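Trainee: Taken in order, these protein sequences are the chains called X and V. Note that numbering that gives the first Met the number 0 gives residue 6 to position 7 of the first sequence, counting from 1, and the numbers run on in steps of one. Note that numbering that gives the first Met the number 0 gives residue 114 to position 115 of the second sequence, counting from 1, and the numbers run on in steps of one.
Simulated from the structure, these hints should not be mistaken for lab results. Treat the numbers as computed from the prediction; the structure is a model and nothing was measured. You may find that some hints are simply not true.
Unchecked claim - Using 20 angstroms as the maximum straight-line C-alpha spacing, the simulated EDC-like pairs for lysine to aspartate or glutamate come out as follows:
| no. | chain 1 | residue 1 | chain 2 | residue 2 |
| --- | --- | --- | --- | --- |
| 1 | X | K90 | V | E111 |
| 2 | X | K21 | X | D2 |
| 3 | X | K90 | V | E115 |
| 4 | V | K101 | X | E85 |
| 5 | V | K105 | V | D6 |
| 6 | X | K30 | V | D72 |
| 7 | X | K14 | X | D96 |
| 8 | V | K2 | X | E87 |
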Amino acid sequence: MADKSAVGKTGKPFKMHVDWSKVREFARAIKDPNPLYFDPELARKELGGIPVPVTFLQTSAFWTDETSSPGFGGFDLRRILHGEQEFEFFKPIFVGDTLTGLTKVADVLEKEGGRGGKMTLLITETEYTNQKGEKVAIARSTLIETGQAVKA
Amino acid sequence: MAKLKFDSIKVGDEIPKIEIRGVTRPDFVRYAGASGDFVPLHYDQTFVEMAGIPTVFAQGMFTAGLLSKAVTDYVGVGNVRRFQVRFATRVWPGDVVTCTGKVTNKLEKGGEKQIEGDLIVLNQKGEPAIRGSFRAACA
Chain X
0 MADKSAVGKT GKPFKMHVDW SKVREFARAI KDPNPLYFDP ELARKELGGI PVPVTFLQTS
60 AFWTDETSSP GFGGFDLRRI LHGEQEFEFF KPIFVGDTLT GLTKVADVLE KEGGRGGKMT
120 LLITETEYTN QKGEKVAIAR STLIETGQAV KA
Chain V
0 MAKLKFDSIK VGDEIPKIEI RGVTRPDFVR YAGASGDFVP LHYDQTFVEM AGIPTVFAQG
60 MFTAGLLSKA VTDYVGVGNV RRFQVRFATR VWPGDVVTCT GKVTNKLEKG GEKQIEGDLI
120 VLNQKGEPAI RGSFRAACA
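Extracted from the complex, chain X is given alone in its bound form (with noise of 0.2 angstroms):
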């Protein structure tokens, strides 16, 4: 069901620290050997410190719970699927910087789907901010609660 009201509803703020170990983790498991995530020295000479994969921010999952999302307005999580994802980068995010991310509900909207019937979308949104305060990204994520569960 489409509950309206979520939109604009907040989670509370995370932190969320960048590791090296983690972003080599990350990147070995996208299969990308660019030595920018490997080389520290390479990195800071071109780029003045160690980069993240573009996807990074997903690993978001390990610095949340429940308090730091605002709910999914009685969405029917066994009925979930990812639709969308969109990350947008306004200033650089380096292995050792300190993120501070929050959640919020940007829009609810009820669709006629396909395969699944009546779908409900969700689309939170996660403004990241580094230590000194600089607004770094936006992650924007549209769940899908299919009207029944969707087969192969």
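With chain X held as given, fit chain V onto it using these hints.
Mentor: Coordinates of chain V only, in the frame set by chain X:
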């Protein structure tokens, strides 16, 4: 990493293709551990069978990660300003996935020369697993 030269890029230029010849269950397990996405649909065969799904399948963000490498190989790490993916068909163990894209626009934003492009991940049947887009800084 060296930025692309704005003047040498043309709308329609293709992003060099990345092909993964058969993604595997260990790939999904490794991504689960790396990302913290422990949804059991991606590694627990007993769980997926109970849900009526034949086998585990890739996390959408695993495949998105493969696609992101195609982008950073092209524009250089540190130059991506926006990256967006929409998930279509699922990626199964053994699937051959091809990540590619093309430049659709050249622009100036916030005093920076940038390009925009469309992205796509296809399976071996030519079905899109992901459609996406990006914006990146150039020199």
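Trainee: Starting from K30(X), check that the Cα of D72(V) is at most 20 angstroms away, please.
Mentor: 12 angstroms, holds
Trainee: Please verify whether K21(X) and D2(X) have alpha carbons no more than 20 angstroms apart.
Mentor: The given pair, whose Cα atoms are some 36 angstroms apart, is violated under the 20 angstroms limit.
Trainee: Given the hint that K14(X) pairs with D96(X), does the C-alpha gap stay at or below 20 angstroms?
Mentor: 10 angstroms, holds
Trainee: Between K2(V) and E87(X), is the straight-line Cα distance small enough, at 20 angstroms or below?
Mentor: 18 angstroms, holds
Trainee: Against the 20 angstroms threshold, does the CA-CA distance of K90(X) and E115(V) hold or violate the hint?
Mentor: 18 angstroms, holds
Trainee: Would you mind confirming whether the straight-line C-alpha gap from K90(X) to E111(V) stays at or under 20 angstroms?
Mentor: 13 angstroms, holds
Trainee: Keeping to a limit of 20 angstroms between CA atoms, is the pair of K105(V) and D6(V) held or broken?
Mentor: 10 angstroms, holds
Trainee: Is it true that the CA of K101(V) sits at most 20 angstroms from the CA of E85(X)?
Mentor: Cα-Cα ~18 angstroms, so holds.
Figure legend: structure checked against the earlier numbered hints; the only hint not met is number 2.
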